[in-house]
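Could you slot chain B onto chain A? The hints should help.
Read off the chains here:
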Amino acid sequence: MTRTSLLALPVSLALSLAPSDMLPVASAQSADTGAPLPAATASPKVYVFPMDGQMGTDISEPIFKTLIEDVKKQKPDIVVLRLKSADVDRINHLRNDNPNEFGLVNEITTYRDMVKSVHDELRDIPQVMWVEDAVGVSGLAALAWQAMYMKSDARLGGLNQFKDMVEAQWQDADVRSKMVAAWTGIMKGLVQLGRHPDTLADAMIFAERTLSVNFEGRGAKWVGDTSGTWVVDSSEERAVRFEAPVAEEILLSDGTADTLDDLVFLLGYREYTKVDTGEKLAKQYTDDWRKGMKNVLEWMEEASQTEDDIAGLGRRKSFYEKVLAALKAFPVIEKRREIAGNGISRQAIEGALDDIKKDIQRQRDAEKQGRQGGGGGGGGGRGLGGGGMRPGR
Amino acid sequence: MTNMSNPLLAVRRWAAIGAFALAVFAMSPVLRAADVTIADGSIVAVDVGNKVRLVYAPGADGKPAGAAQTIEGTVKRVLMDAKAILVTVKSAGREKDVSVKWADIKELTVAGAKPSVGSAKKTDSTKPDAGKPAAVNAGKSDGKAAAAPADGKKTVFIMPWEGTVGIGARHDEIKRIAAEADKLGPGQIIVLQIISPGGLVIEGDKIDETLNELKTRHRVIAWIKEAISAAAFTSLHCEEIYFMRVGTIGAITMFAGTESIKGAELEAWVKKVGDVTQEAGRSRWIGEAMVTNEPLLSYDRDDSGNVTWYNTLEGKHKLSDEVQNLTLNADTALHCKFSDGTADTVDELLALLHLDKDKVNVSDIGFKIHETWQKTLNDCLEDKIRIIRDAMNPAGSDDVAQIGSRIKAINRLIEWWDKCPPCLQYESPPVPPKEELEKEIKNLRKQLGDIQRQRRG
Numbered sequence: 001m002t003r004t005s006l007l008a009l010p011v012s013l014a015l016s017l018a019p020s021d022m023l024p025v026a027s028a029q030s031a032d033t034g035a036p037l038p039a040a041t042a043s044p045k046v047y048v049f050p051m052d053g054q055m056g057t058d059i060s061e062p063i064f065k066t067l068i069e070d071v072k073k074q075k076p077d078i079v080v081l082r083l084k085s086a087d088v089d090r091i092n093h094l095r096n097d098n099p100n101e102f103g104l105v106n107e108i109t110t111y112r113d114m115v116k117s118v119h120d121e122l123r124d125i126p127q128v129m130w131v132e133d134a135v136g137v138s139g140l141a142a143l144a145w146q147a148m149y150m151k152s153d154a155r156l157g158g159l160n161q162f163k164d165m166v167e168a169q170w171q172d173a174d175v176r177s178k179m180v181a182a183w184t185g186i187m188k189g190l191v192q193l194g195r196h197p198d199t200l201a202d203a204m205i206f207a208e209r210t211l212s213v214n215f216e217g218r219g220a221k222w223v224g225d226t227s228g229t230w231v232v233d234s235s236e237e238r239a240v241r242f243e244a245p246v247a248e249e250i251l252l253s254d255g256t257a258d259t260l261d262d263l264v265f266l267l268g269y270r271e272y273t274k275v276d277t278g279e280k281l282a283k284q285y286t287d288d289w290r291k292g293m294k295n296v297l298e299w300m301e302e303a304s305q306t307e308d309d310i311a312g313l314g315r316r317k318s319f320y321e322k323v324l325a326a327l328k329a330f331p332v333i334e335k336r337r338e339i340a341g342n343g344i345s346r347q348a349i350e351g352a353l354d355d356i357k358k359d360i361q362r363q364r365d366a367e368k369q370g371r372q373g374g375g376g377g378g379g380g381g382r383g384l385g386g387g388g389m390r391p392g393r
Numbered sequence: 001m002t003n004m005s006n007p008l009l010a011v012r013r014w015a016a017i018g019a020f021a022l023a024v025f026a027m028s029p030v031l032r033a034a035d036v037t038i039a040d041g042s043i044v045a046v047d048v049g050n051k052v053r054l055v056y057a058p059g060a061d062g063k064p065a066g067a068a069q070t071i072e073g074t075v076k077r078v079l080m081d082a083k084a085i086l087v088t089v090k091s092a093g094r095e096k097d098v099s100v101k102w103a104d105i106k107e108l109t110v111a112g113a114k115p116s117v118g119s120a121k122k123t124d125s126t127k128p129d130a131g132k133p134a135a136v137n138a139g140k141s142d143g144k145a146a147a148a149p150a151d152g153k154k155t156v157f158i159m160p161w162e163g164t165v166g167i168g169a170r171h172d173e174i175k176r177i178a179a180e181a182d183k184l185g186p187g188q189i190i191v192l193q194i195i196s197p198g199g200l201v202i203e204g205d206k207i208d209e210t211l212n213e214l215k216t217r218h219r220v221i222a223w224i225k226e227a228i229s230a231a232a233f234t235s236l237h238c239e240e241i242y243f244m245r246v247g248t249i250g251a252i253t254m255f256a257g258t259e260s261i262k263g264a265e266l267e268a269w270v271k272k273v274g275d276v277t278q279e280a281g282r283s284r285w286i287g288e289a290m291v292t293n294e295p296l297l298s299y300d301r302d303d304s305g306n307v308t309w310y311n312t313l314e315g316k317h318k319l320s321d322e323v324q325n326l327t328l329n330a331d332t333a334l335h336c337k338f339s340d341g342t343a344d345t346v347d348e349l350l351a352l353l354h355l356d357k358d359k360v361n362v363s364d365i366g367f368k369i370h371e372t373w374q375k376t377l378n379d380c381l382e383d384k385i386r387i388i389r390d391a392m393n394p395a396g397s398d399d400v401a402q403i404g405s406r407i408k409a410i411n412r413l414i415e416w417w418d419k420c421p422p423c424l425q426y427e428s429p430p431v432p433p434k435e436e437l438e439k440e441i442k443n444l445r446k447q448l449g450d451i452q453r454q455r456r457g
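Protein chains in written order, with our numbering: chain A, 1 to 393; chain B, 1 to 457.
For reference, chain A alone in the conformation it holds in the complex (with noise of 0.2 Å):
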């Protein structure tokens, strides 16, 4: 736990400074959790709970819960989801982005359970989101909470391919639309959380919707054509992507942060005492399965380098045990691309050793007959999907 003094703020924002009595309103009303700001404590306790990385994975069930259950032992003041997940870089023309990190769509029923929970069970803490990038699914991940800031290069995008790759799969118009109004009415269900409507919800979902703004008194009133005051998109081939700057003259997000300090202090403390044990705990996670993934990868690669005798089917027994061992402890590596493409699955691997049993069992019963080779049975499949449901004799 680090304790951080706003007395080492820059310049910039040291000249803000006010008396407390003009300090920034906490616009963080927490209306979503129910919970208001602290107003007994001048240093609250700022538990930062990351989201860093790869939606579906870094940013997963597991480290959700993890997450919660320490913000409920540490009993923070107040809650700061830190988002950064990107699923394109800011250089385009530098094609370096890498589809295996783009953040998985068709686990949306999980966000949202995921997010929800945070919602449900921390309702008595005031939660606020600070984006540092989110693009992808987690713009709408983003959304899911009404106090919001973003970090001054921040982007806040919607999903660009959605829609033509769901209507892509169904010919039917009436399925294609089915699909598509399902898939969609779950991913609102997180914008609704952060007390945002459909029209905004839209715009970051479908790439050909519009949208605009209208300013009534303190509040924005979004439109989804460009018939408002300002036209935030109008573009009818990319979903809506904010930057920080826009989002927050548009009142998208209630203000611009680059550092925890300029968070805190835009919610009205000049004091606080950060609790930083979600990043310790998120950062070990995200090491920890991304190097059982890699793990992974390298035994069933050296699984399929084995022999079928005896000796050989005991070192793959050997190797898949490991896999599997890593796949129940990480089952997000089950999700990544190139593990599913290559078939691995804890239930394929529990069929490969199941079948590897059954033919050192089958080839020990041959030797002591003095017969060569086993009875049957799949061989245990070197490289999985052989073994697992191949038919005996």
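Keep in mind the hints are simulated off the structure, nothing from the lab. Please read these numbers as outputs of a predicted model, since none were measured by experiment. You may find that some hints are simply not true.
To be verified - So, partial list: chain B residues that the calculated Cβ filter (under 8 Å) puts toward chain A:
#1 G187
#2 N293
#3 L296
#4 H317
#5 D321
Said to hold, decoys possible - What follows is a list of derived Cβ distance ranges for each label pair:
#6 A:A42 / B:E348: 26 to 36 Å
#7 B:H335 / A:Q171: 30 to 40 Å
#8 B:R455 / A:G370: 41 to 51 Å
#9 B:T109 / A:Q169: 40 to 50 Å
#10 A:S152 / B:D364: 28 to 38 Å
#11 B:D383 / A:G341: 23 to 33 Å
#12 B:E382 / A:Q171: 27 to 37 Å
#13 B:T376 / A:S318: 33 to 43 Å
#14 A:G341 / B:D321: 33 to 43 Å
#15 B:P430 / A:P245: 54 to 64 Å
#16 B:D321 / A:E271: 24 to 34 Å
#17 B:A264 / A:Q171: 19 to 29 Å
#18 A:G219 / B:T216: 25 to 35 Å
#19 B:E267 / A:T226: 36 to 46 Å
Virtual Cβ for every residue (Gly too), placed ideally from N, Cα, C.
Quick look at chain B alone, frame taken from chain A:
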């Protein structure tokens, strides 16, 4: 992005149930009788769905009365706490909900029923039988009769209804929770917490029958987290629908393989969904817009909160155009009065239902029923894969041992057929019917006998 054709989102229509959409359903009327005390003190028994003629004068309750107005329509809601009645009125092809306070009503005539005049109290089917002794046994689902609560309190049964309709979410569990409620007498409150991406059409038929029958005895409420497709159809049966903030409902298109149903079958399905929606006190156009793309839907909402529905796009709030299939989320559903409120916790829901926690019992039997079935299903799914592996690649080094292993595996499948049929029937990988498995065992036993005879001989 990976595969977006999540099979769980599909309404699967099986060959054996092709006639579903053409079936004629014997719909029970939605019954939730309420005694409405009108301006002159008379009591009129009103049910949701009743056709009524109503003369009222806004302001009659002690304030200067306005000009008397007459409307005819269908009772959509009887708001016991607000002491008001919501009537859906049709005019020039449009539907509009009009809210009228009881105290403003000068005359109330129910089609086909005699108004019960005076202060004589008629029997209210929503009240529990307070005559039964003993305390509520809310925590136990042991099959023994749970006696009615001595305190006369109503009991709220909350049951998560989760998974693929027909597999995880079934009419069987609704029947089970109904049986628990029946032990306490009529008028209990059953909340189905809907978490389902849809499922089997054949189950929709059973759910329709189960819910229509159940609603005659108890107050049935849908609390929606995810009600897609067949789960939306289920939810639409409920007169009272509440949303979780993440909740969504809709997308009731029926399809087989990759093709949606067409022609007469589609027409019948659209009508069926429309009928169910209307029977529960909502505009049938809402349900119809969830089935197929063509139906248009929009609505207006006036300053008093009255909602007028259009099967065109002339309303201010447009919900479904000719290329859209309708799903509703919490805010929109609340704004157009499709939903009765938004609640994320049981406490919030009870508050919206105007149920004082001290004045009702909240049973956890529904959660236990849900957990029990989900566990059975998950165990079956896990075990089934292992058993199929054993059947396809049986352990053993010779024919006798392998046939023995295969017989053992098939016997385990037969056991699961008895315990968890939907998992074997509908979940991948498919398993042959029980009868075929039994035949297979006979064949294997014969083979075993032949081999043993050969070895002896």
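Problem - Beta-carbon spacing of R455 of chain B to G370 of chain A - inside the hinted bounds 41 to 51 Å or not - result: Violated - the Cβ-Cβ distance for R455 of chain B and G370 of chain A, about 19 Å, lies outside 41 to 51 Å.
Problem - Range agreement (Cβ of E271 of chain A with Cβ of D321 of chain B, hint 24 to 34 Å) - result: violated (54 Å)
Handout entry: Pairwise beta carbon distance, P430 of chain B to P245 of chain A, judged against the given window 54 to 64 Å
Key = holds (56 Å)
Practice task
Given the hint of 30 to 40 Å, check if H335 of chain B and Q171 of chain A actually sit that far apart at their C-beta atoms.
Solution key: Hint holds: Cβ distance 35 Å, inside 30 to 40 Å.
Problem - D383 of chain B paired with G341 of chain A, Cβ distance criterion 23 to 33 Å - result: For G341 of chain A against D383 of chain B, whose Cβ atoms are near 28 Å apart, the range 23 to 33 Å holds.
Problem - Status of the H317 of chain B interface restraint (C-beta, 8 Å, chain A) - result: Nearest chain A Cβ about 10 Å off; hint violated.
Exercise for the section: Please test the hint of 25 to 35 Å on the beta carbon pair from G219 of chain A and T216 of chain B. Expected result: Once the Cβ atoms are compared, 47 Å apart, the range 25 to 35 Å for T216 of chain B and G219 of chain A is violated.
Exercise for the section: Return holds or violated for the Cβ distance of S152 of chain A and D364 of chain B against the range 28 to 38 Å. Expected result: With Cβ atoms ~50 Å apart, the hint is violated.
Problem - Status of the given 33 to 43 Å range, CB of S318 of chain A versus CB of T376 of chain B - result: holds (35 Å)
Problem - Restraint outcome when L296 of chain B is required to lie within 8 Å of chain A by C-beta distance - result: violated (13 Å)
Handout entry: Cut-off 8 Å, beta-carbon criterion: hint that G187 of chain B touches chain A
Key = violated (30 Å)
Problem - Hint check for Q171 of chain A and A264 of chain B - Cβ pair distance inside 19 to 29 Å - result: holds (22 Å)
The structure does not agree with the numbered hints 1, 3, 4, 5, 8, 9, 10, 16, 18 stated previously, though it agrees with the rest.
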